[in-house]
Amino acid sequence: MSDDAQDVDSRTPLLKQSVPRPASLSRKISSLLQDWWLWEILSALTALISSTVIIVILVIFDSSSLPDWPSVFTINSTISFFAVITKLAITSALGASISQSKWLWYRQEEPRPLKDLQLFEDASRGPWGALALLFSIRARHIAFVGATITVLMLLFDPFLQQVVVYPDRLVASEKTATIVRAQNYVARSEEGLPLPSVVDMSLKAAIYEGIFDVRDQADVNIEHYCSTGNCTWQDFSSLAVCSKCANITSYIEKSCNETGCHHLYLPDGPTITGSGSQINSSTTNISPDLANTTASIIQFTSLISKSNASPSAYECALFYCINTYTASVTDGAISQTITSTFLNNTATHSQSSDLLYTPPPSFTNNNTTTSNTTTTTFTVSSLAALALNSFMTTTFTGHGHISPPSSNTTSFFSSDTIHALYSTTNYTARINNLAISMTNNIRQQNSSGSSPHPGIAFKTETYVKLDTRFNPRNLVEIIILIELGQKKNLGFL
Numbered sequence: 010m011s012d013d014a015q016d017v018d019s020r021t022p023l024l025k026q027s028v029p030r031p032a033s034l035s036r037k038i039s040s041l042l043q044d045w046w047l048w049e050i051l052s053a054l055t056a057l058i059s060s061t062v063i064i065v066i067l068v069i070f071d072s073s074s075l076p077d078w079p080s081v082f083t084i085n086s087t088i089s090f091f092a093v094i095t096k097l098a099i100t101s102a103l104g105a106s107i108s109q110s111k112w113l114w115y116r117q118e119e120p121r122p123l124k125d126l127q128l129f130e131d132a133s134r135g136p137w138g139a140l141a142l143l144f145s146i147r148a149r150h151i152a153f154v155g156a157t158i159t160v161l162m163l164l165f166d167p168f169l170q171q172v173v174v175y176p177d178r179l180v181a182s183e184k185t186a187t188i189v190r191a192q193n194y195v196a197r198s199e200e201g202l203p204l205p206s207v208v209d210m211s212l213k214a215a216i217y218e219g220i221f222d223v224r225d226q227a228d229v230n231i232e233h234y235c236s237t238g239n240c241t242w243q244d245f246s247s248l249a250v251c252s253k254c255a256n257i258t259s260y261i262e263k264s265c266n267e268t269g270c271h272h273l274y275l276p277d278g279p280t281i282t283g284s285g286s287q288i289n290s291s292t293t294n295i296s297p298d299l300a301n302t303t304a305s306i307i308q309f310t311s312l313i314s315k316s317n318a319s320p321s322a323y324e325c326a327l328f329y330c331i332n333t334y335t336a337s338v339t340d341g342a343i344s345q346t347i348t349s350t351f352l353n354n355t356a357t358h359s360q361s362s363d364l365l366y367t368p369p370p371s372f373t374n375n376n377t378t379t380s381n382t383t384t385t386t387f388t389v390s391s392l393a394a395l396a397l398n399s400f401m402t403t404t405f406t407g408h409g410h411i412s413p414p415s416s417n418t419t420s421f422f423s424s425d426t427i428h429a430l431y432s433t434t435n436y437t438a439r440i441n442n443l444a445i446s447m448t449n450n451i452r453q454q455n456s457s458g459s460s461p462h463p464g465i466a467f468k469t470e471t472y473v474k475l476d477t478r479f480n481p482r483n484l485v486e487i488i489i490l491i492e493l494g495q496k497k498n499l500g501f502l
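Add 9 to a position in the sequence shown, counting from 1, and you land on the number used in my numbering.
Calculated directly from the structure, the hints in this document are not laboratory data. One should not assume that every hint holds.
[Said to hold, decoys possible] The calculated label-pair distances, taken between Cβ atoms and stated as ranges, are:
#1 Pro320 with Ser416: 51 to 59 Å
#2 Trp78 with Ser145: 21 to 29 Å
#3 Glu232 with Ser349: 18 to 26 Å
#4 Ser349 with Asn455: 52 to 60 Å
#5 Gly238 with Trp78: 28 to 36 Å
#6 Tyr217 with Thr293: 19 to 27 Å
#7 Lys213 with Asp77: 54 to 62 Å
#8 Val93 with Ser460: 17 to 25 Å
#9 Leu47 with Pro136: 20 to 28 Å
#10 Ser35 with Pro136: 15 to 23 Å
#11 Ala342 with Asn455: 51 to 59 Å
#12 Asp77 with Asn455: 22 to 30 Å
#13 Ala342 with Trp78: 30 to 38 Å
Computed from a predicted structure; not experimentally measured. Cβ coordinates follow ideal geometry from the N, Cα and C atoms, glycine included.
Model the full assembly from the supplied sequences, consistent with the hints where possible.
Spelled out as structure tokens, the structure:
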């Protein structure tokens, strides 16, 4: 072999040794993660996805009942799980961003002290270092934003606990609710038998209860059934007793002489003669406001003279009507409101025919459904109406007086009802109380065709409610902007 060949062979191993080896897969992945910020981008995307999952859970279950999940899983535990992932991903991305921002810090033209390197390194490791960095750099530097978020992440868990609250609300239950109404009225005895010409004792008791109620305010004491303590009823119509009063004091006439005015009277009505406190009540019609009140239960006028006040006069009428009510029970207390009233001004008392009330369909069908052609007829038995008219005429006709202390005469009232009319300080409210008391009794008679009105019974339910004042996704979006700013240097300096 020649010397030249030997030289080539001797150099061959050296040439082979100088050829670079291909990079390993692990080195390629490491280079990809470091050179392209892939790890930070994946962290940001993970935070975005996990926070989105939290938002989706909150949106799905917002305003819904508590889910029927296994006992080991709850909404709070599920949210906490994804919150931990979100926080870890955000912390990782923030640490890398703050660490990288130190090189941007030293790219400035003015000189920077080397001790700032330690500030940035400490800030990338946790909130205490980030807090120190906040007091060492300008607020408009990108690292300041990252350090601020790192410190705010301490509040992430407490704030997240406030996102979901569990208030109570009322929801419809399968239980029933009823309230009484009357479609017909027929006087009945205690045994439930019809009374042809006598007012039943329960209605008499209701009349006395209404007229003797010294509170002069209408209390709701209507029979109802609400097992849950919270119920509502759609508008319903019922046979009722209405009242109307007019102050006719201006109609009082006086007859006077040299000793004074000792004779008071109303045209074709009651009169008062003599001094002292007196009342005279009779069934007359004086006021034109009540002239068209036909088929009334009673229409009466009271002339009242009190020694310490000017004389006064009132005319009132009680009559059958159809009321539309809206009612509800809240925490066991019932409230009821009359929304509309129907009158039959053409009805008259007759022993041979009942009183019939047929409101238009729009009235009896929640007062709004004009397309419904179904009509409901409400009936008052003719004999019951005549019996009640006779009883009320006797009850509200009479007189009375209170003798002064210097007089030798004795105070006298022809009935307790007349005494109650004299004593009341709010005549109209007292008669309104009477009408309500009679209405409640008639509605509770359980006459034929008077079935209770059904309603909705509500129960208390705990549900999921989202407090939208805190949205964890907003924080994640800020982190992504920081990542883009760090990578592309979008002028945060």
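Subject >> Supplied distance hint 15 to 23 Å, evaluated on CB atoms of Ser35 and Pro136 >> reply: Because 33 Å falls outside the window, the suggested range is violated.
Original post:
Cβ-Cβ distance between Lys213 and Asp77: within 54 to 62 Å?
Top reply: holds (56 Å)
**OP:** Using the Cβ atoms, figure out if Val93 sits within 17 to 25 Å of Ser460.
**Re:** Violated, at about 60 Å.
Original post:
Is 51 to 59 Å right for how far apart the beta carbons of Pro320 and Ser416 are?
Top reply: violated (19 Å)
**OP:** For the range 19 to 27 Å, tell me whether the beta carbons of Tyr217 and Thr293 fit it or not.
**Re:** Since the Cβ atoms of Tyr217 and Thr293 sit about 23 Å apart, the hinted range of 19 to 27 Å holds.
Subject >> Status of the given 30 to 38 Å range, CB of Trp78 versus CB of Ala342 >> reply: holds (37 Å)
Original post:
If you check the beta carbons of Glu232 and Ser349, does the distance land in 18 to 26 Å?
Top reply: holds (22 Å)
Original post:
Do the beta carbons of Ser349 and Asn455 sit within 52 to 60 Å of each other?
Top reply: violated (25 Å)
Original post:
Could one say that the CB atoms of Ala342 and Asn455 fall in the range 51 to 59 Å?
Top reply: violated (24 Å)
**OP:** Kindly confirm whether 20 to 28 Å is satisfied by the beta carbon distance between Leu47 and Pro136.
**Re:** Since Leu47 and Pro136 have Cβ atoms about 26 Å apart, the given range 20 to 28 Å holds.
**OP:** Check the following: the C-beta atoms of Trp78 and Ser145 are separated by a distance inside 21 to 29 Å.
**Re:** Given about 48 Å between the Cβ atoms, the range is violated.
Original post:
Does 22 to 30 Å hold as the CB distance between Asp77 and Asn455, or does it fail?
Top reply: violated (43 Å)
Checked against the numbered hints above, the structure breaks hints 1, 2, 4, 8, 10, 11 and 12 and satisfies the rest.
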